[in-house]
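Asker: Start from the sequences and build out the full structure, keeping to the hints where you can.
Protein sequence lines, in the order shown, are assigned to chains A and B.
For the first sequence, this note's numbering begins at 20 and goes up steadily by one.
For the second sequence, this note's numbering begins at 4 and goes up steadily by one.
Hints are not guaranteed to be accurate.
What the hints assert, rightly or not - Using 27 Å as the maximum straight-line C-alpha spacing, the simulated DSSO-like pairs for lysine-lysine come out as follows:
(1) B:Lys-119 with A:Lys-244
(2) A:Lys-266 with B:Lys-82
(3) B:Lys-140 with A:Lys-106
(4) A:Lys-244 with B:Lys-276
(5) B:Lys-180 with A:Lys-73
(6) B:Lys-214 with A:Lys-262
(7) A:Lys-122 with B:Lys-178
(8) B:Lys-180 with A:Lys-262
(9) B:Lys-283 with A:Lys-260
(10) A:Lys-238 with B:Lys-180
(11) A:Lys-67 with B:Lys-183
(12) B:Lys-222 with A:Lys-260
(13) B:Lys-178 with A:Lys-260
(14) A:Lys-73 with B:Lys-183
(15) A:Lys-67 with B:Lys-178
(16) B:Lys-178 with B:Lys-59
(17) B:Lys-82 with A:Lys-122
(18) B:Lys-142 with A:Lys-39
(19) B:Lys-283 with A:Lys-246
(20) B:Lys-214 with A:Lys-250
Rather than coming from a laboratory, the hints here were simulated on the basis of the structure.
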Amino acid sequence: MKILVAVKRVIDYNVQIRVKEDNTGVVTDNVKMSTNPPDDNAIEEAVKIKEAGKATEVVAVSIGEEKAQETVRKALAVGADKGILVKTDSVIEPLAVSKLLQKIVEKEKPDLVFMGKQAIDDDCNQTGQMLSALLNWPQATFASKIEIKGDKLEVTREIDEGLETIEINVPAIVTCDLRLNEPRYASLPNIMKAKKKPIEQLNASDLGVDITPRIEQVKVEEPPKRKAGIKVSSVAELVQKLKNEAKVI
Amino acid sequence: MSVLLIAEHNNKELKPFTLNASTAASQIDNDVHAIIIGYKCDEAAKALSELPLIKKVIQVEASHYENFVAENFAPVIVKLAENYSHIISSANTFGKNLMPRIAAALDTSQISDIIKVIAPDTFLRPIYAGNAFATVKSKDAKKCVTVRPTSFDPCESSGGSAPIEKADPGEEFAKTKFVKREEVKSDRPELGTARVVVSGGRGMQSGDNFKLITSLADKLNAAIGASRAAVDAGYISNDHQVGQTGKVVVPDLYIAVGISGAIQHLAGMKESKVIVAINKDGEAPIFSVADYGLEADLFEAVPQFLEELNKLNTIQK
Ligand SMILES: Cc1cc2nc3c(=O)[nH]c(=O)nc-3n(C[C@H](O)[C@H](O)[C@H](O)COP(=O)(O)OP(=O)(O)OC[C@H]3O[C@@H](n4cnc5c(N)ncnc54)[C@H](O)[C@@H]3O)c2cc1C
Ligand SMILES: Nc1ncnc2c1ncn2[C@@H]1O[C@H](COP(=O)(O)O)[C@@H](O)[C@H]1O
Chain A
20 MKILVAVKRV IDYNVQIRVK EDNTGVVTDN VKMSTNPPDD NAIEEAVKIK
70 EAGKATEVVA VSIGEEKAQE TVRKALAVGA DKGILVKTDS VIEPLAVSKL
120 LQKIVEKEKP DLVFMGKQAI DDDCNQTGQM LSALLNWPQA TFASKIEIKG
170 DKLEVTREID EGLETIEINV PAIVTCDLRL NEPRYASLPN IMKAKKKPIE
220 QLNASDLGVD ITPRIEQVKV EEPPKRKAGI KVSSVAELVQ KLKNEAKVI
Chain B
4 MSVLLIAEHN NKELKPFTLN ASTAASQIDN DVHAIIIGYK CDEAAKALSE
54 LPLIKKVIQV EASHYENFVA ENFAPVIVKL AENYSHIISS ANTFGKNLMP
104 RIAAALDTSQ ISDIIKVIAP DTFLRPIYAG NAFATVKSKD AKKCVTVRPT
154 SFDPCESSGG SAPIEKADPG EEFAKTKFVK REEVKSDRPE LGTARVVVSG
204 GRGMQSGDNF KLITSLADKL NAAIGASRAA VDAGYISNDH QVGQTGKVVV
254 PDLYIAVGIS GAIQHLAGMK ESKVIVAINK DGEAPIFSVA DYGLEADLFE
304 AVPQFLEELN KLNTIQK
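Answerer: Next up, the structure:
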């Protein structure tokens with residue numbers, strides 16, 4: 020079995036982002052970038068499946084600017100065998116990403132595609148489901164547990180009501196929740212080894228897909244600020260305030 | 004052209020967020036049709052037809068729709084889409100799972116999780132865990148939009164009598180099979196719509212200690228929330244998680260106990276009307292959004308809180 024994992028380069032989750040003064044977006048210059056957190060879970064799961072002898076190859080793919088190569092490299096350092104970078108400097112929406120990934124899937128012929136459930140920059144939560152629709156494959160979104168049973172997967176999904184279990188046939192798309200596993204850190208020797216692993220570079224424009232944005236970002240603003248609150252000195256004071264001032268109890 | 008709302012239900016009842024999504028749909032165009040796909044869902048279809056905002060209900064039934072598998076649902080909606088300018092659903096796990104399949108099939112760039120309708124093609128949506136708001140304008144002919152339910156008031160739920168039309172079901176997608184759902188049932192108010200939410204974090208230290216949160220919630224007739232760290236540690240089940248990758252709540256009162264206030268948690272609760280934080284670390288970021296901060300050990304403060312509430316006999320039930 021071959022597993023393709025899509026990894027996106029995003030602003031690190033610890034960074035307090037800032038909106039640009041001209042309201043065209045958020046500041047990305049000199050800001051720490053990392054792999055989108057649930058994409059780390061996606062790689063980890065793929066590597067674990069390979070280590071368990073149930074997969075033969077793990078391929079990591081990222082779409083974005085030249086620097087997204089670092090994100091692919093990191094996937095290689097934690098166990099992916101091969102990387103693919105689809106280069107583009109333009110803004111790409113989930114629909115365009117899913118179309119590009121469809122091309123990669125047609126080329127690489129994986130049995131499974133693992134992705135994150137949501138990118139923490141655009142918070143779209145779309146790409147996996149879109150890719151699955153384009154390929155007409157089953158989708159298991161928000162996965163917190165994956166069990167391989169021959170050519171089927173049993174997946175536990177995190178839904179608003181609790182947990183749901185579905186069974187899907189391979190080939191399939193799985194989008195991963197952070198609770199799926201505990202991603203490992205790359206060891207120094209593995210980081211060194213990863214430098215020798217191949218990364219294939221492609222240009223998005225060569226894949227025959229129209230990636231022109233369909234959504235115009237009119238402006239990006241700071242959200243309204245909450246007015247500063249107060250500290251209370253005791254529980255009694257807190258309860259009095261909630262009752263008499265805020266009138267919420 | 005009309006807008007099509009995808010109703011969320013459990014075959015018996017409408018899910019409450021359907022009312023909020025209806026409000027959003029009606030702000031785009033007042034000719035709102037609603038589709039309900041399910042199995043033996045007459046009761047829910049009737050409830051839907053009673054929303055005064057809904058002009059027509061389309062009901063599609065088959066046994067393979069019983070468990071809301073997106074692969075089965077999407078083609079039904081795609082088939083009807085030519086009559087509609089917009090397809091709308093809630094941005095909860097139901098809508099998040101389903102809508103992108105529809106959007107991709109229609110070759111439309113979906114707009115997720117809107118918090119405001121600015122014009123039929125222009126919407127406001129949070130990005131970066133709500134640390135920025137983007138105004139986005141769709142250039143697609145057909146628009147697929149998911150709605151953050153807590154940003155729209157629920158619509159009236161009675162008084163309407165929209166006609167219910169039946170439409171033919173589609174085929175079953177055989178490669179995806181529903182196995183089971185583990186729903187945590189409780190008599191408490193639902194987290195998404197509760198007036199008061201009491202949430203516990205890693206500071207609770209154990210699932211057993213979460214009883215303190217439960218007692219406080221009982222007293223205040225509140226729903227129970229949690230940080231991701233508390234869920235990850237197994238103190239409480241995943242359906243309680245509030246935040247960027249959990250649920251968004253906007254109660255009148257949100258009480259955060261032993262929660263540090265990471266941006267991913269704030270993303271799910273910082274629009275609450277009144278926020279209370281109980282934390283022993285005076286520097287915890289949760290205090291930056293709290294209207295009332297209490298710097299204290301929760302194991303002392305929460306029992307005292309319960310005592311003080313007992314003293315008040317005017318608590319709303
Ligand atoms: C991509 C991504 C998505 C995420 N999504 C979410 C999400 O949806 N929701 C979410 O909540 N988190 C989310 N997180 C995790 C988030 O970053 C934080 O790790 C998490 O919110 C921390 O939970 P916490 O505040 O309970 O724990 P901690 O940060 O460990 O804080 C515990 C707090 O308890 C206090 N405390 C300890 N003991 C006591 C005591 N006896 N009395 C009083 N106070 C005490 C401490 O002072 C501390 O402030 C996400 C992270 C990532 C990377
Ligand atoms: N540019 C990209 N390159 C690689 N993978 C991506 C890219 N954009 C999105 N993805 C994948 O799609 C998932 C969901 O993203 P989104 O739909 O934007 O929330 C991410 O977690 C990634 O696995």
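Asker: Taking the hints in turn, state whether each one holds.
Answerer: Here is how each hint holds up against the structure:
{"no.": "1", "hint": "B:Lys-119 with A:Lys-244", "result": "17 Å, holds"}
{"no.": "2", "hint": "A:Lys-266 with B:Lys-82", "result": "50 Å, violated"}
{"no.": "3", "hint": "B:Lys-140 with A:Lys-106", "result": "26 Å, holds"}
{"no.": "4", "hint": "A:Lys-244 with B:Lys-276", "result": "13 Å, holds"}
{"no.": "5", "hint": "B:Lys-180 with A:Lys-73", "result": "22 Å, holds"}
{"no.": "6", "hint": "B:Lys-214 with A:Lys-262", "result": "24 Å, holds"}
{"no.": "7", "hint": "A:Lys-122 with B:Lys-178", "result": "22 Å, holds"}
{"no.": "8", "hint": "B:Lys-180 with A:Lys-262", "result": "51 Å, violated"}
{"no.": "9", "hint": "B:Lys-283 with A:Lys-260", "result": "20 Å, holds"}
{"no.": "10", "hint": "A:Lys-238 with B:Lys-180", "result": "42 Å, violated"}
{"no.": "11", "hint": "A:Lys-67 with B:Lys-183", "result": "25 Å, holds"}
{"no.": "12", "hint": "B:Lys-222 with A:Lys-260", "result": "17 Å, holds"}
{"no.": "13", "hint": "B:Lys-178 with A:Lys-260", "result": "57 Å, violated"}
{"no.": "14", "hint": "A:Lys-73 with B:Lys-183", "result": "25 Å, holds"}
{"no.": "15", "hint": "A:Lys-67 with B:Lys-178", "result": "24 Å, holds"}
{"no.": "16", "hint": "B:Lys-178 with B:Lys-59", "result": "33 Å, violated"}
{"no.": "17", "hint": "B:Lys-82 with A:Lys-122", "result": "26 Å, holds"}
{"no.": "18", "hint": "B:Lys-142 with A:Lys-39", "result": "24 Å, holds"}
{"no.": "19", "hint": "B:Lys-283 with A:Lys-246", "result": "22 Å, holds"}
{"no.": "20", "hint": "B:Lys-214 with A:Lys-250", "result": "26 Å, holds"}
Violated hints for the displayed structure, listed by number in ascending order: 2, 8, 10, 13 and 16.
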